[in-house]
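Engineer: Sequence:
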Amino acid sequence: MPSMNRLQQGDTVLVTGATGLIGSGFKIRGVTRDVGKTKPMKDIIDQMYGPGKIEFVQVNDPYPVDAYKAALEGTSGLIHLAVDLGAVFNPDASVDDAIESATNMVLGLLKTATKIPHMKAVVVTSSNGSIYNIEYGKDINVSLNDFNENSVKMAREVSKDHPYRAAYIYCAAKARSEQALWKWFSETKPPFSVNTVLPHTTIGKPFNPAEGVYTTSTWLSELFDGNVKSPVVGFLAPGNWFVDVRDCAIIHVAALLDPDTNGQRLWAAGQPPVHINEILKIWREAFPNHKGAPDFDTPAQPLQFLDREASTKLLQKYAGRGWTPFKDSLIDNVKDRAKA
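Counting from 11, one number per residue, gives the positions in the sequence shown under the numbering used here.
By construction, these hints were calculated from the structure, which means they are not laboratory data. Treat the hints with caution; some may be incorrect.
Here are the simulated lysine-lysine pairs, DSS-like style, with alpha carbons at most 27 Å apart [as the list claims (entries may be wrong)]: (1) Lys52 - Lys215; (2) Lys52 - Lys345; (3) Lys345 - Lys49; (4) Lys125 - Lys199; (5) Lys125 - Lys37; (6) Lys301 - Lys215; (7) Lys239 - Lys291; (8) Lys79 - Lys199; (9) Lys193 - Lys163; (10) Lys37 - Lys63; (11) Lys52 - Lys37; (12) Lys337 - Lys215; (13) Lys63 - Lys215; (14) Lys291 - Lys215.
Pair by pair, the computed Cβ-Cβ distance ranges are [what the hints assert, rightly or not]: (15) Lys163 - Arg331: 39 to 47 Å; (16) Gly20 - Pro101: 40 to 48 Å; (17) Gly20 - Lys148: 44 to 52 Å; (18) Ser196 - Ile292: 37 to 45 Å; (19) Asp307 - Ser169: 22 to 30 Å; (20) Gly96 - Gly273: 27 to 35 Å; (21) Gly96 - Lys163: 17 to 25 Å; (22) Ile292 - Asp317: 22 to 30 Å; (23) Asn151 - Tyr174: 18 to 26 Å; (24) Ile292 - Arg318: 17 to 25 Å.
Just so you know, even glycine gets a beta-carbon here, dropped at the ideal spot from N, CA and C.
Could you put together the complete structure from these sequences and hints?
Structural biologist: Dropping the structure here:
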């Protein structure tokens with residue numbers, strides 16, 4: 011690991027949503043709503059790295075400004091991964107409810123972090139959806155200076171049964187909460203670094219051995235099993251770039267540690283969009299005896315151009331390699347199911 015990092019060996023990092031999909035030399039304090047579900051993950055980390063490297067704390071209500079005060083005591087870094095999906099997928103919730111939930115959680119963490127004497131770095135997981143949506147037939151040059159105003163507009167206009175309503179609300183909440191973060195950062199000028207990471211469709215095998223729904227990874231596995239109604243089918247019509255979960259994790263760690271990344275938005279994007287049938291083809295070649303989904307009759311993916319230079323350099327600096335090959339990620343995502 012490169013020297014001259016913000017955090018030192020042995021420092022403690024708080025990670026919200028630590029048992030999710032995106033969860034080296036540091037002690038980790040993971041925040042969860044149910045400590046009882048963390049044992050499988052803790053056991054495997056204890057086996058790999060020895061006891062005492064990870065602990066879990068329970069936060070039942072994440073929305074009061076001081077909800078994380080006790081959990082943050084004694085930490086030097088914070089990675090905020092968690093998102094309130096209940097506010098996104100609840101058909102009775104409004105886009106304003108989701109925006110308020112996401113914004114309150116982000117600002118509450120930031121404000122609490124200013125009260126922690128040795129806090130050095132905060133990283134917040136945003137999303138490519140904070141910046142843009144894609145449409146068939148429309149290629150796009152994407153700028154890290156943009157925010158997704160279209161999703162805010164559409165989330166307010168579409169009906170409750172619209173197939174993309176949840177996606178619009180999710181993107182709107184990410185966009186508005188990240189805008190609030192950068193406004194706070196500009197006005198407050200905190201004594202610690204603040205960066206956001208914007209993952210695209212995250213794939214690969216979850217590290218957590220516990221049963222659960224790990225969003226795009228789980229949905230991709232459902233498609234592998236032949237479920238043509240898996241939510242990932244909608245995610246790919248049209249689709250975003252992809253990123254391996256390990257690469258996404260490294261970008262988060264690099265944003266936490268690297269002394270030159272303060273105040274930046276960083277892509278986590280390793281593979282340009284591909285047609286869903288290309289994914290099915292890769293699986294058929296890798297697992298010829300597995301019966302999966304048939305091909306889909308959908309248009310070609312629109313091109314999406316983005317500048318990944320900063321993220322690519324961080325990946326090389328902190329992992330010593332480039333982006334994980336797409337084929338490897340796809341196979342890792344489902345190979346355990348192929349054996350079942």
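Engineer: Against this structure, judge whether each hint is valid.
Structural biologist: Here is how each hint holds up against the structure:
Pair hint lysine 52 plus lysine 215 holds up; C-alpha atoms about 17 Å apart against a cutoff of 27 Å. Between lysine 52 and lysine 345 the CA atoms are separated by roughly 23 Å; this keeps the pair inside 27 Å, and the hint holds. Between lysine 345 and lysine 49 the alpha-carbon distance is near 24 Å, which keeps this suggested pair within the 27 Å criterion. At most 27 Å may separate the alpha-carbon atoms for a hinted pair to count; lysine 125 and lysine 199 meet this at roughly 14 Å.
Distance hint between lysine 125 and lysine 37 is fulfilled; the C-alpha atoms sit about 20 Å from each other, no more than 27 Å. Simply put, lysine 301 and lysine 215 have alpha-carbon atoms about 20 Å apart, close enough for the 27 Å limit, and the pair holds. Pair hint lysine 239 plus lysine 291 holds up; C-alpha atoms about 18 Å apart against a cutoff of 27 Å. At most 27 Å may separate the alpha-carbon atoms for a hinted pair to count; lysine 79 and lysine 199 meet this at roughly 20 Å.
Straight-line distance between C-alpha atoms of lysine 193 and lysine 163 comes to about 21 Å, which keeps the hinted pair within the 27 Å bound. For the given pair, lysine 37 sits about 5 Å from lysine 63 by alpha-carbon distance, which is consistent with the 27 Å threshold. A hinted pair counts as satisfied when its Cα atoms are at most 27 Å apart, and lysine 52 with lysine 37 qualifies at roughly 12 Å. Using a Cα cut-off of 27 Å, the hinted pair lysine 337 and lysine 215 holds, with the two alpha carbons roughly 13 Å apart.
Our distance criterion of 27 Å between C-alpha atoms is met by lysine 63 and lysine 215, whose separation comes to about 22 Å. This hinted pair checks out: lysine 291 and lysine 215 have alpha carbons roughly 19 Å apart, not beyond 27 Å. Between lysine 163 and arginine 331 the CB atoms are about 40 Å apart, so this pair conforms to the stated range of 39 to 47 Å. The hint said 40 to 48 Å for the Cβ distance between glycine 20 and proline 101, and at roughly 46 Å that hint holds.
A beta carbon spacing of about 49 Å between glycine 20 and lysine 148 agrees with the range 44 to 52 Å that was offered as a hint. For the pair serine 196 and isoleucine 292, the beta carbons lie near 44 Å from each other, so the given range of 37 to 45 Å is met. The beta-carbon spacing between aspartate 307 and serine 169, approximately 26 Å, falls within the hinted interval of 22 to 30 Å. Distance hint check: the CB atoms of glycine 96 and glycine 273 are about 31 Å apart, consistent with the given range 27 to 35 Å.
Checked against the hint of 17 to 25 Å, the pair glycine 96 and lysine 163 passes, with Cβ atoms roughly 23 Å apart. Between isoleucine 292 and aspartate 317 the beta carbon distance is about 27 Å. The supplied range of 22 to 30 Å therefore holds. Between asparagine 151 and tyrosine 174 the beta carbons are some 23 Å apart, a value that agrees with the proposed interval 18 to 26 Å. For the pair isoleucine 292 and arginine 318, the beta carbons lie near 22 Å from each other, so the given range of 17 to 25 Å is met.
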